[in-house]
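There are 2 protein chains.
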Amino acid sequence: MADVKKLDDLFHDTLKDVYFAERKIVETLPKMERAASNSQLKAAFTKHLSETKVHIERLEQVFQIIGKKPEPKTCAAILGITDEGAEIMKEYAGSPALDAGLLAAAQAVEHYEMSRYGTLRTWALELGLNDAAGLLQTTLDEEQETDLALTSIATSVVNQNAEA
Amino acid sequence: MADVKKLDDLFHDTLKDVYFAERKIVETLPKMERAASNSQLKAAFTKHLSETKVHIERLEQVFQIIGKKPEPKTCAAILGITDEGAEIMKEYAGSPALDAGLLAAAQAVEHYEMSRYGTLRTWALELGLNDAAGLLQTTLDEEQETDLALTSIATSVVNQNAEA
Chain B
104 MADVKKLDDL FHDTLKDVYF AERKIVETLP KMERAASNSQ LKAAFTKHLS
154 ETKVHIERLE QVFQIIGKKP EPKTCAAILG ITDEGAEIMK EYAGSPALDA
204 GLLAAAQAVE HYEMSRYGTL RTWALELGLN DAAGLLQTTL DEEQETDLAL
254 TSIATSVVNQ NAEA
Chain W
104 MADVKKLDDL FHDTLKDVYF AERKIVETLP KMERAASNSQ LKAAFTKHLS
154 ETKVHIERLE QVFQIIGKKP EPKTCAAILG ITDEGAEIMK EYAGSPALDA
204 GLLAAAQAVE HYEMSRYGTL RTWALELGLN DAAGLLQTTL DEEQETDLAL
254 TSIATSVVNQ NAEA
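Sequence lines, in order, name chains B and W.
The first sequence lines up with residues 104 to 267 when you count with the working numbering.
The second sequence lines up with residues 104 to 267 when you count with the working numbering.
The shape of chain B in the complex, shown without the other chains (with noise of 0.2 Å):
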């Protein structure tokens, strides 16, 4: 009961965290992809939400990989993202730089999830997981490349219309 906290409790505990993070994610997406008004956009939304069921799959491999029950943890974090992000298609419904609010509130979404899957990947290497850190890698790359595509639909497209 007294047991001291280690690192492989960290990686469970975090591991529970972004699987809470990703289902949320599930839910946003469709809102944000039905906000949106430029279809390189749109699409990038569509694009990811089923990017993301595979990732909740991987998640819940690397559950398996440690012998533990896929189960969520209330993410603060996500809900504090996620709810920016609405108060964003709320405030600039109707406005031409919603998408660009959009955008914004994906990239954070985006950076929230690289960070956790970085610190994730690391802990699994240190704990000698290796093929779960190759899953986690492999999610990154993901995430990382939506950061970019999201960065470049940005620039080339959405603030021009923003400022319409």
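Some hints could be false.
A pair holds if it fits inside one copy or across any two, identical chains being indistinguishable in the list.
Derived pair list, reagent style EDC-like, types lysine to aspartate or glutamate, alpha-carbon separation capped at 16 Å [said to hold, decoys possible]:
id: 1; residue 1: Lys119; residue 2: Glu190
id: 2; residue 1: Lys176; residue 2: Glu194
id: 3; residue 1: Lys193; residue 2: Asp112
id: 4; residue 1: Lys193; residue 2: Glu163
id: 5; residue 1: Lys108; residue 2: Glu194
id: 6; residue 1: Lys150; residue 2: Glu245
Think of the hints as simulated: they come from the structure by calculation, not from any bench.
We have chain B; now place chain W onto it with these hints.
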């Protein structure tokens, strides 16, 4: 009253969000420094505290450039991220994994800031605010350097302690 909000409003709103976030970080870093055991990690938190104070001054310069009074706006995202950090400090107090948890919390903060400064920099350029863009880029560079420094501490030192 029924004015449609545009990109300059979004820029101003997001500036207030980051201004709130940076002030929250100034409050939080000394607690993280006190909780950390590793001397490199303590030094990184101390260094980042003085940088963060400069980031706040740069944001005040950007407010001045757009002719607005520096004003914070509650940022739910940073509150969520720092709440998670506080939870780790509590749950892992006395644990050899505490430093690893502090590093993860700090990297989540850095990634949030990187996404916001990247967004603000892009919007400043789009709005023709080149001086503001330069100030925001300088801070973005420092946040990225801090994140890299934390990664290097995470992989080289702290994770080894966490397994002890």
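Do the hints match the structure? See the list:
1. Lys119 / Glu190: Answer is between; shortest inter-copy Cα gap is 14 Å, intra-copy 26 Å.
2. Lys176 / Glu194: between (30 Å within a copy, 14 Å between copies)
3. Lys193 / Asp112: between (39 Å within a copy, 14 Å between copies)
4. Lys193 / Glu163: Neither way: lysine 193 and glutamate 163 sit 34 Å apart in one copy and 27 Å across, limit 16 Å.
5. Lys108 / Glu194: between (43 Å within a copy, 8 Å between copies)
6. Lys150 / Glu245: Answer is within: at 11 Å inside a copy they meet the 16 Å cutoff, but 32 Å across does not.
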